[in-house]
Amino acid sequence: MMTSNLPAVAALTLGPIAYHWSAETRRDFYAKIADETPIDTVYLGEVICSKRAPFFANDLPEIAERLIKAGKTVVFSSLAEVMTVRERRITTEMMTLGEAEVEVNNSAGLLAIDGRPHRLGPFMNVYNEETLSVLAGRGAHHVCLPAELPGPAVALMAEAAAALGVGIEVQVFGRAPLATSARCYHARAHGRTKDNCRFVCEEDPDGMPLSTRDGVPFLRVNGVQTQSETYLALIEEIAYLKEIGVSGLRLMPQQVDMVSVAAVFDDLRRGMIESNEAEERLSEICIGTRLSNGFFHGLAGYRRITKAAASFS
Amino acid sequence: MPLDSATSELVCPAGTPAALRTAVDAGADSIYCGFQNETNARNFPGLNFTPDQLAGSVAYAHSRGAKVLLALNTYPPAGKFALWREAADLGAKLNVDAFIVADIGVAAYIKKNYPDRRLHLSVQAAAASPEAIRYYCETLAVKRVVLPRILTIPEIRQIKREIPCEIETFIFGNHGLMVEGRCSLTNYTTGLSTNMDGVCSPAADVEYRPEADGTLSTRLGAFTIDRFGPDETAGYPTICKGRYIAPGRPEGYYAFEEPVSLNLARLLSDLIGAGVNAFKIEGRQRSRSYVRSVVSAFRTAVDDVRAGREPDIADLLALTEGRKETQGAFETKKWR
Chain L
759 MMTSNLPAVA
769 ALTLGPIAYH
779 WSAETRRDFY
789 AKIADETPID
799 TVYLGEVICS
809 KRAPFFANDL
819 PEIAERLIKA
829 GKTVVFSSLA
839 EVMTVRERRI
849 TTEMMTLGEA
859 EVEVNNSAGL
869 LAIDGRPHRL
879 GPFMNVYNEE
889 TLSVLAGRGA
899 HHVCLPAELP
909 GPAVALMAEA
919 AAALGVGIEV
929 QVFGRAPLAT
939 SARCYHARAH
949 GRTKDNCRFV
959 CEEDPDGMPL
969 STRDGVPFLR
979 VNGVQTQSET
989 YLALIEEIAY
999 LKEIGVSGLR
1009 LMPQQVDMVS
1019 VAAVFDDLRR
1029 GMIESNEAEE
1039 RLSEICIGTR
1049 LSNGFFHGLA
1059 GYRRITKAAA
1069 SFS
Chain P
18 MPLDSATSEL
28 VCPAGTPAAL
38 RTAVDAGADS
48 IYCGFQNETN
58 ARNFPGLNFT
68 PDQLAGSVAY
78 AHSRGAKVLL
88 ALNTYPPAGK
98 FALWREAADL
108 GAKLNVDAFI
118 VADIGVAAYI
128 KKNYPDRRLH
138 LSVQAAAASP
148 EAIRYYCETL
158 AVKRVVLPRI
168 LTIPEIRQIK
178 REIPCEIETF
188 IFGNHGLMVE
198 GRCSLTNYTT
208 GLSTNMDGVC
218 SPAADVEYRP
228 EADGTLSTRL
238 GAFTIDRFGP
248 DETAGYPTIC
258 KGRYIAPGRP
268 EGYYAFEEPV
278 SLNLARLLSD
288 LIGAGVNAFK
298 IEGRQRSRSY
308 VRSVVSAFRT
318 AVDDVRAGRE
328 PDIADLLALT
338 EGRKETQGAF
348 ETKKWR
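Quick note, the sequences are listed as chains L and P, same order.
So that you can map any letter, position 189 of the first sequence is 947 in our numbering, and since no number is skipped, the others follow by simple counting.
So that you can map any letter, position 336 of the second sequence is 353 in our numbering, and since no number is skipped, the others follow by simple counting.
The set of hints was computed from the structure by calculation and includes no laboratory data.
Think of the CB as a built atom: it goes at the ideal place given N, C-alpha and C, for glycine as much as any other residue.
Please note that the accuracy of each hint is not assured.
[Said to hold, decoys possible] Computed cross-link-like contacts, DSSO-like style, restricted to lysine-lysine with a CA-CA straight-line distance of at most 30 Å: (1) P:Lys97 <-> L:Lys1065; (2) P:Lys351 <-> L:Lys809; (3) P:Lys177 <-> L:Lys809; (4) P:Lys84 <-> P:Lys351; (5) P:Lys97 <-> L:Lys1000; (6) P:Lys129 <-> P:Lys160; (7) P:Lys128 <-> P:Lys160; (8) P:Lys177 <-> P:Lys160.
[To be verified] Per the computed footprint, the stretches of chain L lying under chain P, defined by three or more beta-carbons under 8 Å from a beta-carbon of chain P, are: (9) 771-782; (10) 800-810; (11) 854-862; (12) 886-892; (13) 1024-1036; (14) 1052-1060.
My request is simple: use the sequences and hints to build the entire structure.
Given below as structure tokens:
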């Protein structure tokens, strides 16, 4: 078992699958995560589109059990968008039923979860200490910050969170979530609407690429969500995140060898490798996709800032 | 059936003191505006109010029976909360009638320090269900919610039955596509954040670039948002209204939405019937003449509805003449 004895090492976490992967793909994926990675915490569940949830809801208990057996902490993530009667019911049930830990991603869950220990996901817009303090007072014990929050603000959040006994998690790998909408842009690209989408998003397991009219890759469409074309990747920044007391490093599942990605970040968090080696390995795993860290440096999110140019630490 | 004014307040935008006076004179029941900084979601150059200007504007509005709603509807990043706190203190001192907020921390600060002031929940909070709205009502004493532009009228009616506060909906202006308060597209492209800086497609990052083939590219930061032929009118490069190339769409298409305006003039009566208490006109960045014509037209229409008359919507439809308009999600779910 690769769990850590060193409290200084942040937990390595795996965020929920953002895409419409088939039930079989998901089962195989999580089996590998369980058996072959040092990931500590796995977030399960459909966050983006409520229409997708029935396809694998039945598999979730078995997947969760497998992960728990492998020593992982399992957390169930709730929908980012809650509007329809069904979405409301799913959300309220998650908050009130069962004993599994929940990550709330929409304020629709906040009333029902009151008092019960819970996590807050990146869609909850926890940008400052005051909001953190209010929500911690209602049972939030762990928060994944918005991907766009710059480094200095992350440091202040980590400090405030430590005083409140709250964990702070930061996305360190994968496409950045940039927007959600009531409209499904996958369906729109195929001349359909959300109601008759026929799950065309399944064709793009790493998102549908949108390029500018002069051919520059720009964004990715994932159903109602818009993501970055680049994979957000905090590499040189890991040492800084450790220093300021960030307690969770989140990897988002992409269509790359995630076992190898997890190995790179495990080596990084333990200080086993230098960041240039990590960058080399990651670039090789993610061949064809650019890496970015602009948000963390208060710059345009798509940009990649190297150590020489950065002045954050 | 005649309706009283409490069920059909006309909420109008003002980006300058002159626009505020214009809106008041044209019949606005209340005006929303913001300070010249990141504390509001229209932090554009040359727009918004200094503290002195706000003081004078509140006095003008109050003397004519209109209310002033101060937008503090962005998300302060850690380390900068003081700016929002000072804006709230100033707004309270200058006697604004309500604060429009999105951030839970900002709302909690105002509730604690100015419990007599009304809190309105901004569309930037993206509260789109009774459960979400009730959270803000029950824990932060929010008195009104501005609903996202993504709900149908039956859905609004259902929400109204289950919440203890007033509802405000947009009826006219820019048609936002993304869930408000959850969009980082501008930050990804320019380094300025809609949530933290109150900026969307900032003008300083915009470039209109003539290409060798006679087309015109509209760019934001390092990215081409659209490209226009000689016969087309180039639009402003807002990311969610650009044309892009997808695997099955090599010709370039409006991946998110065509550049259209929201105009719910036809649905005014239905919205009131669904329980909407206040109608919001978008456009703090618009000119005085725009504010005058839009506010006057909706004033007349709302008064007609209040008096039980069928509103003459010709004037309202004329406001978007020549431009594409939509009723967005309000009329049908097919929009989604």
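**Report entry** chain P covers the stretch 800-810 of chain L, three or more CB atoms within 8 Å, holds or violated
**Finding:** Coverage by chain P is violated here, the residue count being 0 at a Cβ distance below 8 Å.
Query raised in the report: Count the residues of the stretch 854-862 of chain L with a beta-carbon closer than 8 Å to any beta-carbon of chain P: does the count reach three?
Result: Check failed, 0 qualifying residues.
Report task. Compare the distance between the alpha carbons of P:Lys129 and P:Lys160 with 30 Å, and conclude whether the hinted pair is satisfied. Result -> At roughly 15 Å apart (the allowed maximum being 30 Å), P:Lys160 and P:Lys129 satisfy the hint.
Query raised in the report: Going straight from one Cα to the other, do P:Lys351 and L:Lys809 come out at no more than 30 Å?
Result: Distance of about 15 Å is within 30 Å: holds.
Query raised in the report: Do at least three Cβ atoms from the stretch 1052-1060 of chain L come closer than 8 Å to Cβ atoms of chain P?
Result: holds (count 7)
Requested in this report: Assess, step by step, whether the Cα of P:Lys128 is no farther than 30 Å from the Cα of P:Lys160, and give holds or violated.
Outcome: With a Cα-Cα distance of about 11 Å, the restraint between P:Lys128 and P:Lys160 holds, given a limit of 30 Å.
Query raised in the report: Quick one, are P:Lys97 and L:Lys1065 close enough, alpha carbons at most 30 Å?
Result: It holds: about 26 Å lies between the C-alpha atoms, which stays within 30 Å.
Query raised in the report: Is the hinted pair P:Lys97 and L:Lys1000 satisfied, with a Cα-Cα distance of at most 30 Å?
Result: holds (23 Å)
Requested in this report: Quickly compare the C-alpha distance for P:Lys84 and P:Lys351 to 30 Å and report which way the hint goes.
Outcome: violated (37 Å)
Query raised in the report: With a cut-off of 8 Å between beta carbons, are at least three residues of the stretch 886-892 of chain L near chain P?
Result: Coverage by chain P holds here, the residue count being 7 at a Cβ distance below 8 Å.
Query raised in the report: Keeping to a limit of 30 Å between CA atoms, is the pair of P:Lys177 and P:Lys160 held or broken?
Result: Cα-Cα ~13 Å, so holds.
Query raised in the report: Keeping to a limit of 30 Å between CA atoms, is the pair of P:Lys177 and L:Lys809 held or broken?
Result: With a Cα-Cα distance of about 25 Å, the restraint between P:Lys177 and L:Lys809 holds, given a limit of 30 Å.
Hint violations for this structure: numbers 4, 9, 10, 11, 13, all remaining hints satisfied.
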